[in-house]
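Student: Single-letter residue listing:
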Amino acid sequence: MQWFDPAKTNILIPTLVFVGLVVGYIITARRGINLFVRHIPGLDAIDEAIGRATEMGKPILYSPGLDEMDQAATVASMNILGRIATKAAGYETRITVPNRDPIVLSVAQEVVRSAYQQAGRPDLYRDDDVFYVTYSQFGYAAAVAGYMVRERPAANFFIGHFYAESLIMAETGQTTGAIQIAGTDSDPQLPFFITSCDYTLIGEELYAASVYLGREPMLLGSLKAQDMAKLLIILYVLGGIVGAFFGVNLDFWSGTSGAGAGG
Amino acid sequence: MLERTLPILLATVAGLFMAAQFFIPHPAMLRIYNLALDWKQIVFGCTLMLGVVSLIRFHWRKVARRAPGAFYSGVALVSCLATIGTAFFGIETGLYPWLYDRVQAPMQATLFALLAYFVASASYRAFRARSVHATLLLAAGAVVMLGRVPIGDLIGFDAGGERWSLGSLASWILDVPSLAAKRGILIGVGLGMISTSIRIILGIERAYLGQSSGEGQGRS
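Going line by line, the protein sequences match chains D and B.
For the first sequence, counting from 1, position 159 maps to 159 in my numbering; every step adds exactly one.
For the second sequence, counting from 1, position 132 maps to 132 in my numbering; every step adds exactly one.
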């Protein structure tokens, strides 16, 4: 009987360091210390996109991606959906959310309904605006592209994890003249979104978005921890480069492996 | 109270367990992990029903209201119900696999093939040399595209006993600057994922429950 897999020490130590940083910064934030967060243009443009849809009297389209609810990108997408839906409800602008995964559908319905309640406009919420399309990847892309061509939403949001369908949807949205904001952690799809959308949240910006939009001190703390962890990684990489010049090996992880079952 | 606390408590316990089981190779942990995966499949099956109900209700209302596009909603309804109906007469043989092989699969392949045209139109926009960055992208794109086809290896010269070709330059672009940027993005994504998970486990990120994060907690 083994209670710890020593082959995963290389994952455990950095994870514990990072968890310590997150908790530490959250405690710091709770004490009221002001934390600076850099501007993210894609998130600043959300208000502009919602405002444009409101002025034009057209709906907003929000696609939460193709992944299931147990993926961090989808959770991040739901967080952003809540913020956008609250603003849209405040402006009395319709937001439509086509879904590919039924669990995501249930969560999205709850998120949008709550957003309308928070905005004080529960009467505007329509169950049909957050709807299920299909589990088929390209069926979903066809439905979203068709919706864009027929309804001409003024603002399209593609926030979540996407696959090959990303370009079909983003290029169709481009042809309809909508303002488009994308956010994904799927690096193969990033070039497509950057090309076809007005603003793109790249990788970690997707996860930072709900924190950035909410501006709640405790959440900002976790964002600062991410920055600090990146600084540590940069220092470690630079140390490795300098060490290599002097024949010092900073690879402490040799002999350990991250592979294992049940991960 | 329970409506708000119970889901957060469940998320915290499940999150901590999933993190712990990754490091603990005890058979009991693996059993619980597999059980959790089985339950996930069961929950997914049940929610799929919700999806189908949502789909039918959505299109039925459009047909009933004779809203614009009601005809297409009718087609979607008939297709959905007909596919479900044919499945009762056999999944391996009969009309159901025929519908999949002869209707659904070709439609999906057609849409996938359309990507080629979308790539062309997106490339036209991306590769226009309007600025220094766009010009660099255009040059790098041209080198990589040429370097990945057989002619790329023929364009070059021999020096110092080595072959310097567009092929090797394309490989260098993909293996060094491109991969460095990709790894930078992936490290950020990894940290973002862990950070989001910690926020959920600690119960301070709850927008996924339809509540604003930090709601119900003292703001500092």
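The set of hints was computed from the structure by calculation and includes no laboratory data.
Check each hint, because a few of them may be wrong.
[Said to hold, decoys possible] Not close to chain B: a few residues of chain D, all C-beta gaps over 12 Å, as computed:
id	residue
1	Met56
2	Tyr91
3	Asp127
4	Asp129
5	Gly177
6	Asp187
7	Leu190
8	Gly239
9	Val242
[Claimed, not checked] Selected chain B positions facing chain D (Cβ under 8 Å, derived; list incomplete):
id	residue
10	Leu81
11	Gly90
12	Ile194
Keep in mind the model is a prediction, meaning the values are calculated, not measured.
Backbone N, C-alpha and C define an ideal beta-carbon position, used for all residues, glycine too.
Student: Could you tell me which of the hints above the structure violates, numbers in ascending order?
Tutor: 3, 4, 6, 7, 10, 11
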